[in-house]
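Student: Here is how the chains run, residue by residue.
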Amino acid sequence: MQAFVKNIAEENQYKATHLLRILHAIQAHYHYIPKPAIEQLASLLNIARTQIIGVIEFYSFFHLSPRGRYELLISDSITDHLLGKHALTDYLAIKLNVAVGEVRTDGLVSLDNTSCTGLCDQGPAGLVNGYALPHLDHARIDQISELINQQTPVALWPSQLFQVDDHIIKPGLLLNHPLTPGEALQSTFKRGLVATLAELDTSALRGRGGAGFKTASKWQYCRDEPENQRYVVCNADEGEPGTFKDRVLLNSYAQQVIEGMTVCAAIIGAQQGFLYLRGEYLFLYDKLQQVLVERRQQGLLGNNILNSGLDFDIDICLGAGAYICGEESALIESLEGKMGIPRNRPPYPVTQGYLGKPTVVNNVETFLAAAAIAHLGGDWFASIGTGQSKGTKILSISGDCAKPGIYEYAFGTPIETILNDCGAEELLGVQIGGPSGLFISDLELQRKLAFEDLATGGSFIIFNKHRNLLDIVNNFTRFFAHESCGFCTPCRVGTSLLKNQLAKIIDGHGSAGDVVALEELCVLVKNYSHCGLGQTAANPIISTLARFPELYQSRLKNISYEPGFDLDASLENARQLANRNDAAAHLTQVEQD
Amino acid sequence: MTKTIHIDGNTIPFKEGQTIIEAATAAGIYIPHLCHHPEFTAHGSCKLCTVNVNGRNCSACTFAAMEGQEVLNNSQELKADRQKITQMLFVEGNHFCPSCEKTGNCQLQAVAYHLNMLDSHFPHFYSHRELDASHAEVIIDHNRCIFCTLCVRASDEHDGKAVFAISGRGINKHLIINSESGLLKDTNIEATDLAAHICPTGAILIKHTGYQVPIGERTYDHQHIDQISLAVEQTDEN
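Residue numbers (my numbering), protein chains in the order written: chain A, 1 to 593; chain B, 1 to 238.
Just chain A, with the same shape it has in the complex (with noise of 0.2 Å):
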């Protein structure tokens, strides 16, 4: 094992900013990372053990216990749900004889659930030692156990297995015409890069991860740093379920997105850029650094890149299973080897970034359009769109629809016209903008995509009228609380009473003045968390619970008190050590009259 870590720590030139890489690789040859391994690390990267062991603790494919040999982890995903995630685990489980969460007691396999893994639109999905399975169904899973059963190594599985389709519906202004690799970077050059700036500026394109800041501004904020060092990070921690439009760009469009942080590069004065790619594409990652290689040859990478002076390259960084590292501070985090905990701010990234330099970080989506117009040009985005949005969005469709994939419109799109165009029947609702986002109902079709109406990174998860609502808040609310970082009290402890307290009311629990603690939490983690998780923690229980009040209500005991815990239920164990179940060792719940 030391011979073996050393030549991990060696290959990453004993940088503790490696941490993230270098336990990837440990993991994937041990399933676990040993103590020894931890040890040693922390002497070789010059770092304290507590910092290796608290970001194997933060990240959740990394495990300080042993997984099995082949390790299956299940998308958690409300979509896998709709799509009979729940009988296929079970049946997954006969079949391999594991419990969830468990290891086998030979250790070939374990069983476990995962945060969605991004195949909502060709799922239930799941992962085998981080590579994406989608389309499972019975016959892939006894496929699936076979070859785990016969320990036939993952490399060797049929390719068909790991077959993951863009599914790309209805392509628009940026889908429909991918720029020829260069392009993009020729016209910066011959038009300028402040010129070029100034079409970002009249594009008026604003930051496709949802927040929507203007990327111009971003882009001219840190270009005026005083500093030497600045850097541009590819947001690609695509981890809103629902969300798979970057899968599509890394895989189809990639060369036009590294093309888009070239020009970025070229703009803010550069010269190392970072793309932080979510663990669960990890498949993606060989396909990424092949098109890294070809750019490097083309000379649209590296130093003299097109003979413009301009020295710059990329770097592929692979996150570890945490939602909260699509926020960029805590992405940032992240790529330095830590905990993804989002930072105080301000100070902002662009003025205090990684490694307290100067930083961009823009979605994947924003770098392909900003590749379109530092080609195109500013009017071209900008003829279309509504006033505060201009150009198109990307959406991710999935949930109950007869064609789920990636769909491109212009904002100012109303939501009917999309449902229309995906094939949506008997619809309860929409969930735009994945659970951090907003639940419509059937009654505000004519409600538009934009940023003034609905924003959307681009999760658009549709309900039909035979979902179980409840459930579905369930998942998302429980989604939240599993991701939470910990870092501040409202998000930290309010995420985990809002699953408890929801659990509480679904399971027959919960009495009226239950619902107004639940509408009061709410508002508490909302107003007090330290970043946009906890921010949007509540989210789908407040916009549900404005819509459907009636639902919240149906599933409430009729009296004014109910405890938070079963009563008789607690007495079992006393029962069974006093060896009777007499009517007297019996206690209800509420006293009766």
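I should point out that these hints are in silico values taken from the structure, not numbers from a laboratory. Where hints are given, some of them may not hold.
From the structure, some residues in chain B lie toward chain A, with a derived Cβ separation under 10 Å [claimed, not checked]:
1. LYS47
2. ASN54
3. THR62
4. LYS84
5. VAL91
6. GLU92
7. ASN94
8. GLY168
9. GLY170
10. ASN172
11. ILE176
12. SER179
13. LEU183
Quick caveat, the model's predicted, so the values are computed rather than measured. Virtual Cβ for every residue (Gly too), placed ideally from N, Cα, C.
Following the hints, put chain B in place on chain A, whose structure we already have.
Tutor: Below, chain B alone, put in the same frame as chain A:
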């Protein structure tokens, strides 16, 4: 010209680079806090010091004072919500004040009194937490840890020992110890270290010194936390 901000309508001067809590403390205005300590890097995690600045909630311990800010500190809403945040800390861990050696000297307890907290409001988590009594002089009761990181920062920044860290995620966050065994006895912490004394709750205690000051004669038995906090922190800053 001195720059000023307004806190609840009062005009307060501040120096360039001061946070809102620093400016307030210097002016004799108490903003409740637990993770803030004037000697260490601001953390901004407990959120008790949340104030409303120009209509937006901010942590007073990390947010810089800027000319003309309208700050709300004592509004009914903020007081009620700070009480709930304190209640969250109480239900998250296991805090039994009457049997805790820190009672009367505990900042968590004192803040709760200050905010007029009379019950725990939220259901308790009854979380299972361990005790580390391995060290000869210092004991850790994880039941009382509120993840303020004051021990982490004191050990890093003052003692130069890096004995503590916070690990885990969400409600599973926990304090870890920087030794191969994970036990306090295998660290170089000493009873004289600042990290052993800085805990605002009873999570880190010095052994063999219990109850030397009788209950009823302890720090917060005589004076409210706002008076003590201001007196101590104003001295620190000078």
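Student: Hints broken by the structure, by number, lowest first?
Tutor: Violated hints: 2, 7, 13; rest satisfied.
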